[in-house]
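I would like the entire structure built from these sequences, with the hints used as guidance.
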Amino acid sequence: MVFVTLQVIAVMFAIFAWSRVIFRFKDHKMNISALFLWSAVWVGVIVAVLMPETSRTLSLVLGISRPVDVLVYGSIVMLFYMVFRLYILVEGIGHDTPRLVRAIAVLNPRKAKR
Amino acid sequence: MHAKKITVVVAGYNEERAISDTVKGVIARGYHDIVVVDDGSVDTTGDRAFAAGATVLHHIINRGQGAALKSGIDYALREGADVVVTFDADGQHDPADIDAITRPVIDGTTEVALGSRFLREGSNVPPLRAIALKGGAVLMHVMYGVRLTDSHNGFRALSKEALRKMELRADRMEHASEIISEIGRKRIRYCEVPVNIKYTTHSIANSKQGSLPALRIAWKMLLHKVIR
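Quick note, the sequences are listed as chains A and B, same order.
Take my numbering: the final residue in the first sequence is number 114, and no numbers are missing along the way.
Take my numbering: the final residue in the second sequence is number 228, and no numbers are missing along the way.
Hints are computed from structural coordinates only; laboratory data are not their basis.
Errors might be hidden in some of the hints.
Unchecked claim - DMTMM-like mimics (lysine to aspartate or glutamate), calculated; alpha carbons at most 20 Å apart, straight line:
1. Lys134/B to Glu121/B
2. Lys111/A to Asp99/B
3. Lys113/A to Glu79/B
4. Lys198/B to Asp21/B
5. Lys160/B to Asp82/B
6. Lys4/B to Asp82/B
7. Lys160/B to Glu192/B
8. Lys113/A to Asp21/B
9. Lys24/B to Asp47/B
10. Lys111/A to Asp74/B
11. Lys4/B to Glu121/B
12. Lys165/B to Asp82/B
13. Lys113/A to Asp47/B
14. Lys160/B to Asp74/B
15. Lys24/B to Asp94/B
16. Lys165/B to Glu79/B
17. Lys165/B to Glu16/B
18. Lys111/A to Glu192/B
19. Lys198/B to Asp43/B
20. Lys160/B to Asp99/B
21. Lys24/B to Asp43/B
22. Lys111/A to Glu182/B
23. Lys111/A to Glu121/B
24. Lys111/A to Asp82/B
25. Lys5/B to Glu79/B
26. Lys134/B to Glu192/B
27. Lys4/B to Asp21/B
This is the structure in structure tokens:
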């Protein structure tokens, strides 16, 4: 089996990214569901790069004419999902920050001298 | 001496030029419970307010006038206030009007008294400002069923009972319309009281009188109306 340079680079990048996922999980900076999600993403990338025929099979199953379109559509869905997750996260921070700021203010008054 | 505890809450952001006179003016009228919320100012607003005799709460970052007033109101209620007066930091409001605006709340004829600059004879409201405020008043009536002559006046007196009924969430300038919305939604008794607004160079510069902020507030009012 002969690999082209692009495949080697893509696999190396995916392995690097996957290792970052595992390190973040080991440092307790990522929960188990995020570990599974991101592991599935990067393992999927490695499989798709090393065995392009899998995306062909997938394209036939999904009724998409070109295998490369499966990857493009999958990436777009993934990106939308990530944007949604980020939106939820930012909304949560936006909601919690003023509550925290106000609680700190109310609990630490500089009382007027009488 | 007032039988009920009245606390004046002032939200201040970079108001070092005016805050000292504002606090001293309120205290000079006999209102010693004054809480200034320094909303993440980068100047000496908090220190000057404290030196002038106010209790100061400090927001570590700027969160907007609505959030600052909420902090001040929460603190005032914790400290046992019966009536909370919201008052601008920039010197636009006249401390001499506090007696009149708190009177109907103290005697129980109303739960919220809202200041109106149009009820006093010879008011000096700039014409464009007057048009925007009157337009806002029409919008408030249509959307919330609250009939007002002045749609955006930060001078108010609110009973603790009214404050406990209200769910205030808006952090920025739209908090003013949110208070009106809550009056309508919760059927809180209200009245308007004539107040004097002093248009100084400083206050005019501070009040963002362009049409864009007004449109933004109107847009957020519509959004809140749809979401709620």
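Taking the hints in turn, this is what the structure says about them:
no. : hint                 : verdict
1   : Lys134/B to Glu121/B : 16 Å, holds
2   : Lys111/A to Asp99/B  : 24 Å, violated
3   : Lys113/A to Glu79/B  : 16 Å, holds
4   : Lys198/B to Asp21/B  : 14 Å, holds
5   : Lys160/B to Asp82/B  : 5 Å, holds
6   : Lys4/B to Asp82/B    : 6 Å, holds
7   : Lys160/B to Glu192/B : 18 Å, holds
8   : Lys113/A to Asp21/B  : 17 Å, holds
9   : Lys24/B to Asp47/B   : 14 Å, holds
10  : Lys111/A to Asp74/B  : 15 Å, holds
11  : Lys4/B to Glu121/B   : 30 Å, violated
12  : Lys165/B to Asp82/B  : 14 Å, holds
13  : Lys113/A to Asp47/B  : 13 Å, holds
14  : Lys160/B to Asp74/B  : 10 Å, holds
15  : Lys24/B to Asp94/B   : 12 Å, holds
16  : Lys165/B to Glu79/B  : 18 Å, holds
17  : Lys165/B to Glu16/B  : 34 Å, violated
18  : Lys111/A to Glu192/B : 32 Å, violated
19  : Lys198/B to Asp43/B  : 23 Å, violated
20  : Lys160/B to Asp99/B  : 17 Å, holds
21  : Lys24/B to Asp43/B   : 19 Å, holds
22  : Lys111/A to Glu182/B : 31 Å, violated
23  : Lys111/A to Glu121/B : 39 Å, violated
24  : Lys111/A to Asp82/B  : 19 Å, holds
25  : Lys5/B to Glu79/B    : 9 Å, holds
26  : Lys134/B to Glu192/B : 14 Å, holds
27  : Lys4/B to Asp21/B    : 25 Å, violated
Taken one by one, the earlier hints fail for this structure at numbers 2, 11, 17, 18, 19, 22, 23 and 27, listed in ascending order.
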